[in-house]
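**Q** Residues per chain, in single letters:
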Amino acid sequence: AQSVTQPDIHITVSEGASLELRCNYSYGATPYLFWYVQSPGQGLQLLLKYFSGDTLVQGIKGFEAEFKRSQSSFNLRKPSVHWSDAAEYFCAVRPGFGNEKLTFGTGTRLTIIP
Amino acid sequence: NAGVTQTPKFQVLKTGQSMTLQCAQDMNHNSMYWYRQDPGMGLRLIYYSASEGTTDKGEVPNGYNVSRLNKREFSLRLESAAPSQTSVYFCASSERQGENTGELFFGEGSRLTVL
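Sequences listed follow chains A and B, in order.
Each residue of the first sequence is one higher than the one before, counting from 1 in my numbering.
Each residue of the second sequence is one higher than the one before, counting from 1 in my numbering.
Bear in mind the hints are in silico, worked out from the structure with no lab data behind them.
Each hint should be verified, as a subset may be incorrect.
[Stated by the list, open to error] Calculated pairs, DSSO-like style, for lysine-lysine (alpha carbon to alpha carbon, straight line, at most 27 Å):
no., chain 1, residue 1, chain 2, residue 2
1, A, K101, B, K14
2, B, K57, B, K14
3, A, K68, A, K101
4, A, K101, B, K57
5, B, K9, B, K57
6, A, K49, B, K14
7, A, K61, A, K49
8, A, K49, B, K71
9, A, K49, A, K101
10, B, K57, B, K71
11, A, K68, A, K49
12, B, K71, B, K14
13, A, K101, B, K9
It should be emphasised that the depicted structure is a prediction, and the values quoted were computed from it without experimental measurement.
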């Protein structure tokens with residue numbers, strides 16, 4: 001079965017600093033990969049997704065992620081964070097076409113300090 | 001444009017009581033899901049329905065039942081609530097479009113406390 005690891009439970013960065021959130025997955029083939037964001041008291045919103053093709057994908061709110069097959073990673077990045085980026089971020093994996101089950105990581109909570 | 005609507009948003013139950021969480025989506029999606037979210041554990045899939053009339057177990061189905069009433073609605077039932085079912089429950093839906101599938105649209109969640 002596929003699994004997702006987000007090794008950082010909580011990250012604190014200064015406003016304007018760069019950000020990288022780590023995600024590693026375990027699956028035999030190339031899965032479908034996603035990053036979701038959850039603001040307090042809200043549901044989850046899709047930031048970006050990777051199915052195939054260019055390994056650097058752009059998402060909403062200025063986020064990007066890079067798929068690295070050799071490292072089984074799909075890290076999320078942003079060059080300069082804003083106070084509004086404070087939220088919890090979830091990496092997720094789906095085995096591929098025809099399999100509907102999306103597996104989520106445990107999440108990384110992002111705090112922004114002025 | 002409502003998207004995915006869950007009711008109720010908050011509920012307190014006593015151990016052994018039953019209740020049903022309702023979910024409806026207005027995006028004409030085929031697939032619907034129920035997840036639970038617990039601190040430090042992310043979201044775990046309880047049940048999902050790939051299409052009207054079909055349901056399948058996810059990672060943590062014990063203690064729950066589901067019903068895909070029609071294409072719009074997917075309900076989650078707790079027959080005999082237990083404190084371990086205290087959680088935030090999320091309903092989601094998605095559409096298949098060939099290989100470009102997978103984006104889940106989430107409701108705002110239902111916070112359930114079992115005493």
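**Q** All hints, please: hold or fail.
**A** Each hint tested on the structure:
1. A:K101 with B:K14: violated (31 Å)
2. B:K57 with B:K14: Holds: B:K57 and B:K14 sit about 25 Å apart, inside 27 Å.
3. A:K68 with A:K101: Distance of about 22 Å is within 27 Å: holds.
4. A:K101 with B:K57: holds (10 Å)
5. B:K9 with B:K57: Holds, at roughly 24 Å.
6. A:K49 with B:K14: This hinted pair is violated, its Cα atoms lying about 40 Å apart.
7. A:K61 with A:K49: Given that 27 Å is the threshold and the Cα spacing comes to 14 Å, the pair holds.
8. A:K49 with B:K71: Holds, because 26 Å separates the two Cα atoms, which is no more than 27 Å.
9. A:K49 with A:K101: holds (15 Å)
10. B:K57 with B:K71: holds (18 Å)
11. A:K68 with A:K49: holds (14 Å)
12. B:K71 with B:K14: violated (32 Å)
13. A:K101 with B:K9: holds (25 Å)
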